[in-house]
Amino acid sequence: MSHQELKPVDTKQIQGMLSRKKGKMKRFLSYCAHCSLCAESCFLYMEHHKDPQYMPSYKAINSLGKLYRKNGKVDRKLLTEMKGIVWRNCVLCGRCYCPIGIHIPSMIAFARSILRSQDVYPQLDEVSSESWL
Amino acid sequence: MIVGERKPFDEIKEMIKSFKKVLNVGCGGCTSICMAGGQREVGLLNEELQNAFKQEGASSRVDGFTIERQCNADFFSELDEIVKEYDGLLSMACGAGVQFLADRYPQKPVFPALNTVFVGVDRDIGWFEENCRTCRECVLGETGGICPVTRCAKSLFNGPCGGTSREGKCEVSKDTPCAWFEIHKRLKEQNRLENILRLKPAREWRNQTQGTLVQEAYKKRYAK
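Here the protein sequences line up with chains A and B, keeping their order. What the first sequence shows, in the working numbering, is residues 1 to 133, in sequence order. What the second sequence shows, in the working numbering, is residues 1 to 224, in sequence order.
Rather than coming from a laboratory, the hints here were simulated on the basis of the structure. Only a predicted model underlies this, so the values are computations on that prediction, with no experimental measurement involved. Worth double-checking, as some hints may not be accurate.
[Said to hold, decoys possible] Within a straight-line C-alpha distance of at most 30 Å, the following computed DSS-like cross-link-like pairs (lysine-lysine) qualify: (1) K21/B x K84/B; (2) K20/B x K7/A; (3) K174/B x K22/A; (4) K13/B x K21/A.
Whenever a hint applies, use it, and build me the whole structure from the sequences.
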């Protein structure tokens with residue numbers, strides 16, 4: 001068991017962080033028209049045979065979107081699942097294009113920041129022979 | 001990837017010891033990947049610093065915060081409020097990130113916790129190898145994908161020199177392969193030896209000045 005699994009989740013801290021950027025981030029989340037135009041601008045989506053899990057909108061909705069929906073009341077298991085979404089499935093290259101103007105990288109970066117606050121981040125030396133990507 | 005290594009602990013401690021409140025800023029980019037300046041390394045360094053300050057009876061406090069990249073202004077917004085509380089900043093990014101941090105917060109003294117060592121590749125977990133000196137005049141197409149600037153001890157463009165051993169090692173060390181021996185071997189295999197028979201003119205060492213690059217498609221946007 002790594003140290004990332006030991007510490008209890010500080011829900012209040014997560015709620016505080018979510019609240020600070022609530023206006024902008026919730027606006028981004030609600031503006032998404034699910035048009036999927038962002039998908040083809042993501043090289044990971046294209047490289048993974050258009051696996052929907054790699055769609056930028058999917059990644060934002062299932063990380064930051066979920067954190068807002070649950071009002072920060074999440075357990076470590078869910079945070080660990082999100083770790084895969086925001087780090088393994090996204091390299092924050094910033095190339096995702098949204099015709100409405102939603103800035104997806106800032107949402108992913110914010111989700112990463114929330115995860116970091118709970119000591120959830122990639123342990124690079126724990127990645128064995130399996131490629132991180 | 002840019003590879004960095006942590007400075008000696010005493011050097012870091014000396015730099016920040018006169019400050020009461022220091023924020024150690026980690027970088028989630030290259031230095032995180034090379035396991036020198038990510039969130040984990042921020043935590044480890046801070047623990048060491050706190051212990052040392054405690055033993056010396058110093059009242060300095062070091063906190064940590066990691067942003068996704070210190071070389072991109074988009075990722076600084078969260079830091080803007082946090083840094084106000086601190087007297088000084090320690091950065092665990094590469095030299096570019098440290099300077100970007102110092103530019104962003106010009107009132108705050110900024111100190112590097114890492115030495116930026118090279119641009120390189122991951123050989124394995126925790127094992128990195130230098131492969132590029134960013135010389136701005138790439139010749140890899142002619143040298144079989146082996147960089148003479150990085151891998152030849154003399155950065156020779158018209159090698160090899162007279163110091164190559166029969167086994168193809170460099171005179172600097174018998175453990176160091178001669179780059180030009182390797183280049184010759186590879187080009188011979190590819191039947192492209194004529195590539196290195198031409199004499200190359202002396203390099204222009206433009207890398208001595210600060211570089212800026214605007215990609216062709218963006219030149220109009222930034223035209224003055």
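Hint by hint, here is what the structure shows:
For the hint pairing K21/B with K84/B, the CA-to-CA distance comes to about 11 Å; that is within 30 Å, so the pair holds. For the given pair, K20/B sits about 28 Å from K7/A by alpha-carbon distance, which is consistent with the 30 Å threshold. In summary, the hint linking K174/B to K22/A is not supported, as the alpha carbons are separated by about 61 Å, beyond the 30 Å threshold. A hinted pair counts as satisfied when its Cα atoms are at most 30 Å apart, and K13/B with K21/A does not qualify at roughly 35 Å.
Hints 3, 4 from the list above are not met by this structure, while the remaining hints are.
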